[in-house]
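Student: One-letter residues, chain by chain:
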Amino acid sequence: MIRYTNLVRSFGATRALNGLNLEVRTGEIFGLLGPNGAGKSTLINLTAGLLSPDEGEVSIGGNPAGPGGGSRSMLGVAPQALALYDELTAEENLRFFGGLYHLAGRDLSGRVDWTLDFAGLADRRKDRVKTFSGGMKRRLNLAVALIHDPETILLDEPTVGVDPQSRNAIFDSIEKLHRGGRTIVYTTHYMEEAERLCDRVGIIDHGKLLALGTVEDLVGEYGGRSAVVVQTGGRETRIPTDDPVAEMIRLKQERRVRGLRLESPTLESVFLNLTGRHLRD
Amino acid sequence: MREIITLARKDLLLLLRDKAGFFFTFFFPLMMAVFFGTIFSGGGDGSRRMSILVVDEDSTEASVKFTEKLGGSEALKVERSGREDAAEMVRLGKRVAYVAVRKGFGEASANMFMGGTPTVELGVDPSRSAEAGMLEGILMQYGGERMQELFSNPALMRQSLSGALDSLTAPGTADFPEKQKITRFLGELKLFASDTGVRSADSGGFPGLTPLRVEKAAVIREETGPRNAYEVSFPQGIVWGMIGCAAAFGISLVMERTRGTLVRLRIAPLSRSQILAGKALACFVVTVLISVALLLVAWLLFGVIPGSVGKLAAAVLSISVAFVGIMMLLSVLGKTERSAGGIGWAALLVMSMIGGGMVPLFIMPGWMQTVSDFSPVKWSIIALEGALWRNFSLVEMMLPCGILLGVGILAFSLGVRAFRWTE
Ligand SMILES: Nc1ncnc2c1ncn2[C@@H]1O[C@H](COP(=O)(O)OP(=O)(O)OP(=O)(O)O)[C@@H](O)[C@H]1O
Ligand SMILES: [Mg+2]
Numbered sequence: 130m131i132r133y134t135n136l137v138r139s140f141g142a143t144r145a146l147n148g149l150n151l152e153v154r155t156g157e158i159f160g161l162l163g164p165n166g167a168g169k170s171t172l173i174n175l176t177a178g179l180l181s182p183d184e185g186e187v188s189i190g191g192n193p194a195g196p197g198g199g200s201r202s203m204l205g206v207a208p209q210a211l212a213l214y215d216e217l218t219a220e221e222n223l224r225f226f227g228g229l230y231h232l233a234g235r236d237l238s239g240r241v242d243w244t245l246d247f248a249g250l251a252d253r254r255k256d257r258v259k260t261f262s263g264g265m266k267r268r269l270n271l272a273v274a275l276i277h278d279p280e281t282i283l284l285d286e287p288t289v290g291v292d293p294q295s296r297n298a299i300f301d302s303i304e305k306l307h308r309g310g311r312t313i314v315y316t317t318h319y320m321e322e323a324e325r326l327c328d329r330v331g332i333i334d335h336g337k338l339l340a341l342g343t344v345e346d347l348v349g350e351y352g353g354r355s356a357v358v359v360q361t362g363g364r365e366t367r368i369p370t371d372d373p374v375a376e377m378i379r380l381k382q383e384r385r386v387r388g389l390r391l392e393s394p395t396l397e398s399v400f401l402n403l404t405g406r407h408l409r410d
Numbered sequence: 014m015r016e017i018i019t020l021a022r023k024d025l026l027l028l029l030r031d032k033a034g035f036f037f038t039f040f041f042p043l044m045m046a047v048f049f050g051t052i053f054s055g056g057g058d059g060s061r062r063m064s065i066l067v068v069d070e071d072s073t074e075a076s077v078k079f080t081e082k083l084g085g086s087e088a089l090k091v092e093r094s095g096r097e098d099a100a101e102m103v104r105l106g107k108r109v110a111y112v113a114v115r116k117g118f119g120e121a122s123a124n125m126f127m128g129g130t131p132t133v134e135l136g137v138d139p140s141r142s143a144e145a146g147m148l149e150g151i152l153m154q155y156g157g158e159r160m161q162e163l164f165s166n167p168a169l170m171r172q173s174l175s176g177a178l179d180s181l182t183a184p185g186t187a188d189f190p191e192k193q194k195i196t197r198f199l200g201e202l203k204l205f206a207s208d209t210g211v212r213s214a215d216s217g218g219f220p221g222l223t224p225l226r227v228e229k230a231a232v233i234r235e236e237t238g239p240r241n242a243y244e245v246s247f248p249q250g251i252v253w254g255m256i257g258c259a260a261a262f263g264i265s266l267v268m269e270r271t272r273g274t275l276v277r278l279r280i281a282p283l284s285r286s287q288i289l290a291g292k293a294l295a296c297f298v299v300t301v302l303i304s305v306a307l308l309l310v311a312w313l314l315f316g317v318i319p320g321s322v323g324k325l326a327a328a329v330l331s332i333s334v335a336f337v338g339i340m341m342l343l344s345v346l347g348k349t350e351r352s353a354g355g356i357g358w359a360a361l362l363v364m365s366m367i368g369g370g371m372v373p374l375f376i377m378p379g380w381m382q383t384v385s386d387f388s389p390v391k392w393s394i395i396a397l398e399g400a401l402w403r404n405f406s407l408v409e410m411m412l413p414c415g416i417l418l419g420v421g422i423l424a425f426s427l428g429v430r431a432f433r434w435t436e
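Read top to bottom, the protein sequences are chains A and B.
Just so you know, we're using the numbering used here here: the first sequence kicks off at 130 and counts up by one.
Just so you know, we're using the numbering used here here: the second sequence kicks off at 14 and counts up by one.
For the record, the hints were derived by calculation from the structure and aren't laboratory data.
Beta carbons are placed, not taken as given, at the ideal position from N, Cα and C, and that holds for glycine.
Careful, some of the hints might be misleading.
[Claimed, not checked] Chain A is faced by these chain B residues, among others (derived, beta-carbon under 8 Å): (1) E87; (2) T274; (3) I280.
[Unchecked claim] Footprint (simulated), chain B over chain A, 3 or more residues, beta carbon under 8 Å: (4) 205-211; (5) 219-228.
Just chain A, with the same shape it has in the complex (with noise of 0.2 Å):
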């Protein structure tokens, strides 16, 4: 379990977090949804020990992040910026950071041999990352994450700039480390993928946290009404309605429509209430 207790943290006038309070469940993938600037990677990185709170803590299995506690070993971080050596080998870059680990000899080649997998790049592994597409690149700054088979696992915007096929294939790998009992914090600012991957979604904006809850639950809490839209003519109405079905038989009935489209509220429509602005601007 992942304790933030009143966390504050500022870098000179902007307050990156300001006073958030949240526990991630062991076992679960937690989702944290927010916009550029919302404060995600802030809080990954207070996580990882790389910052220190300005007030407040933050505690994972019971012990204080940071740098003395001992949970480093069993934390496996994707930072927002690529990490990686571009001069070595995709290979190279997972075996020296799993000697980091003191993973060695067939553990090592094991756990390298998984993750290249894991990142769909086995026929890649002999190939300096410098040659490596953006997407390859990210792929593999998530396999490095792994290496060492953490318990706890973070994940800043894992999937920037890769393909839907190879992220979908990242979401299932994801999907089975949950399985096996990891506990995954997940930053995005993609609703689908929120939707798709994660038990329970925080809604962060401005260093706070405005909504906790499962996907089902916030959507029904703040996602506001559906919506049917119209097409006539040249024209798209929208229309908000709590009977969907009966307002688009109503439609059809009464004018001459070219097209009709059911519109359920979402995390986006949940942000839009939420803050008064979209997810992505």
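Starting from the known structure of chain A, arrange chain B with the ligands on it as the hints suggest.
Tutor: Frame of chain A; chain B with the ligands shown alone:
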């Protein structure tokens, strides 16, 4: 320690992959050393023959023949000279050795069975005793050949035997127990030589059969200057290697931060001191490797022979410590690898310029030599030269080595303090 080695190994691998870094740490210094060494040795004959002087004090047929033989040797570069001059040149370290053919050499050669042994005097630069051993071997070989010639030339031998018999039987020679026997033996040998001709003979031991006696003269080497230009250019080359190395690793430390890998290292179960120690170890290993590589090339190809291997090792280790410290300090001079690289190289070039890395120290004007006291490059060069050809005593070595160790420790601790762990 395992972690530090893992970190250092990664850095060595990265250096191997970095062509520019590898060039500036290994090939550039070597090029500089060879280039300047060659220029200042006036073209350089490139031969590895041992330069010796030959003094012929005997001036007989035998002595001339002997010196000519020496002159024809593949391994030697022989010049003639007077005795005083020869001793002086060796004393000044300009030649490895002199061979003086003593008076009486010819006579002793002719009377090989009686009288004195042909004798040469050998004066060797004490710092080059390994070569002296080789020279002695060559001399003995020629002495032996001369005797063999005698045995295979019956006319010469008969002449030699007659001389010996004459001196034995001459009136007034003292009696000794074997006199009768030897006289009879020599007489028979003379008969044998005249009858058949001798191809070979057993040179088993009675007096007078030692082919050549080599007497060693004591030479005290005076310290004046380098024996060849490479003894100046290779220390400079090594310092260039150190500079390239400090720059390469200083920049690579900045790159760990800008490329984000430092984040990964900080997340891993490593302490901050382990992270920096890994970088320092890699830098240290490379500086030592560069020095050893350049010194080997200098020795094997350019005849730069260290006065003392132990002192040379001390010099190399102290210099490496100094430049590991400088590397650490360079890494805090800039935020990005570009600024750190720019500022770092500029600082290193100034350090090298005033420290004698470009223009040899002894050419500099006096005030400049004082300024150069502030450059670790100067102390590096002094330490290397002290061990290579200045024949520093242990106490004399302690000054440059001590300064270098001090610089290394100070620079390293300043660098560690100022190191920025985050962007
Ligand atoms: N090192 C830093 N120095 C100065 N300001 C910073 C630093 N790191 C973060 N901030 C500021 O803190 C706020 C939160 O940043 P953070 O990186 O946590 O956002 P984020 O939610 O991860 O955004 P994104 O989706 O763009 O990654 C931003 O306003 C950012 O400008
Ligand atoms: Mg971020």
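Student: Let me make sure I understand: some of the numbered hints might not hold for this structure. Which ones are they, in numerical order?
Tutor: 1
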